[in-house]
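One letter stands for each residue in the lines below.
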Amino acid sequence: MTAEEPYPPKGSYNNSVHRFFPDLDARLNAVRYGRWRALETAWISGVNAETDHVFANSLKALLKDPPRFVPEANLVAPRVARDAGPIFHALRWGQVFEQQILDILAAPDASARTTEERLTRLYDLYRRERWALTEPEQERPPAEALLAAPASAHLLQVGTRLFALAAEDLAAADFGQQRWRVRKTVDEFDQSFALESAPEDARYRTAAPTVFDRFPQIAEALDRLARFRGALFEALVPGGQTPQARRQRDEAVRNLARDWRLPVEGIGGR
Amino acid sequence: MAGRLPWALAPCALVLMIAPMAAQQISNLEPERPLAMEDAQPVSFRAFSGGFDWTFNLRRDHSNDHGPGFSLDYGLARGLEVGAALRYVTRPERNAQRGISSGDLFVHALYALKTETASFPALAVRADVQFPTGLDSRGTDLHLALLGTRSFDDFRLHANLLFTRLGDPSPGERTERWAGVAGVDFPVSRRGLTDTLLLADVVGRTHPLIDGPAIFGAEMGVRHRIGSQTILFGAAGSEFSGGHDRRVLTLRVGVSQMY
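First to last, the protein sequences are chains L and E. Yeah, the first sequence ends on 550 if you go by my numbering, and it's all consecutive. Yeah, the second sequence ends on 266 if you go by my numbering, and it's all consecutive.
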């Protein structure tokens, strides 16, 4: 039986961000591309100054004309999809979860009750899947990756903060007011990339207080996803350029999967 | 045939009515969407994939034909896809004599034997039953296929091996047929986007008629995302051998939609 995660849950809210907030959606897509590219680059070449420079430039170029559609992850990060299946599935299932939360919050027929019902159903569906992340048994704070690739870390953090701010805008306002708040957030996001300002806290707990107050479980699940991504980059610092580095990387990623209660079968082995 | 067309259009109409949603399936290759090759990846669990195309065949002996094709697939379980397909062509009587059906219903199941890993390609098996619902069709036919896919950094390779056994062959028609397909696909975008996929394959198969020569051909196609879950596809192909009625040029254009 294949390990593939299921198709995204169906609902009338699907694609609401794409339909009603295309500017925001395009930037979110650029961040999604950036995340998968960063992962693929780190898997192959590790996290270092050279990959930092290449990745940061490619993401900035992509943001000048952000993509209309969500990336097909297995085409952007084919090696990760093939060589680290459980990690890939956890991240892709997390991306679906994150995307659908924004779609639910942006739905034109959203009310306090329907939004809560939809988010509860989505959260249950997310958690039911074996690729859903749960609290890790132990967690090592990321340190080396941030120092080895500061520009990339900054860009990815700004991107993660965009997701949190967008959720806050959509959750804190009604459909009529959402567009103004989202436009302001998009403008600030564009400036933060251009100015390379110091990144602010990207956690939902602080960047999206309304979401955290109303839907704490969902905010925690999204913050957990961001923590997992940070821990993964830490494990990918050695890269896969030499057999020794590959062994080191594969072992670190398997340990990460164990910590986060993900299956380790299908990680590495080449 | 005219009486059956509205029913044939029903799956397509259903697919066009439903709302699009956010996920990506451009790399999930299905046969004739747009090429003969298929990847070893079933439709995702709980996903519907519907497709419609129009295919033109320009033949060497000028007995050209064209017609619509419909398909509907569903991810019944993880790694298990079921589906149905239907194709109509003009000149059904003449085409039936040379082993080309018009209006036959294909029902299939595709099972993923193995997902791709670092050291092993993805493998899947597919079984189709072809019911003789078309004009001048006879017998229920069985099609079996072994599918393999291997991804590399910038492209994927696909190999398909197909076997067909006819339930009630016409005089002069081959009861058992073999076919092999080898192909490649890769995203084409200078910016690294995954919205457009270029595909090419070569096909070799036994001729439907006992005294017919083996058929070899090549195809090239493109899949381009025009909506979150809507894909426009097109292809052109040619057969280099295959007798007096071989397809000099095949053109196909269509859309598919995921839900």
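Quick caveat, the hints were computed from the structure, so don't treat them as lab data. Hints are not guaranteed to be accurate.
DEER-style ranges, computed between Cβ atoms [what the hints assert, rightly or not]: (1) R197/E to V544/L: 21 to 29 Å; (2) T213/E to E415/L: 53 to 61 Å; (3) A243/E to K340/L: 32 to 40 Å.
DMTMM-like cross-link-like pairs, simulated, lysine to aspartate or glutamate; straight-line CA separation at most 20 Å [said to hold, decoys possible]: (4) K464/L to E448/L; (5) K464/L to E285/L; (6) K121/E to E285/L; (7) K344/L to E468/L; (8) K121/E to E448/L; (9) K290/L to D303/L.
Where a beta carbon is used, it is the ideal one built from N, C-alpha and C, also for glycine.
> Out of the numbered hints, which ones does the structure contradict?
Replying inline: 1, 5, 8 and 9
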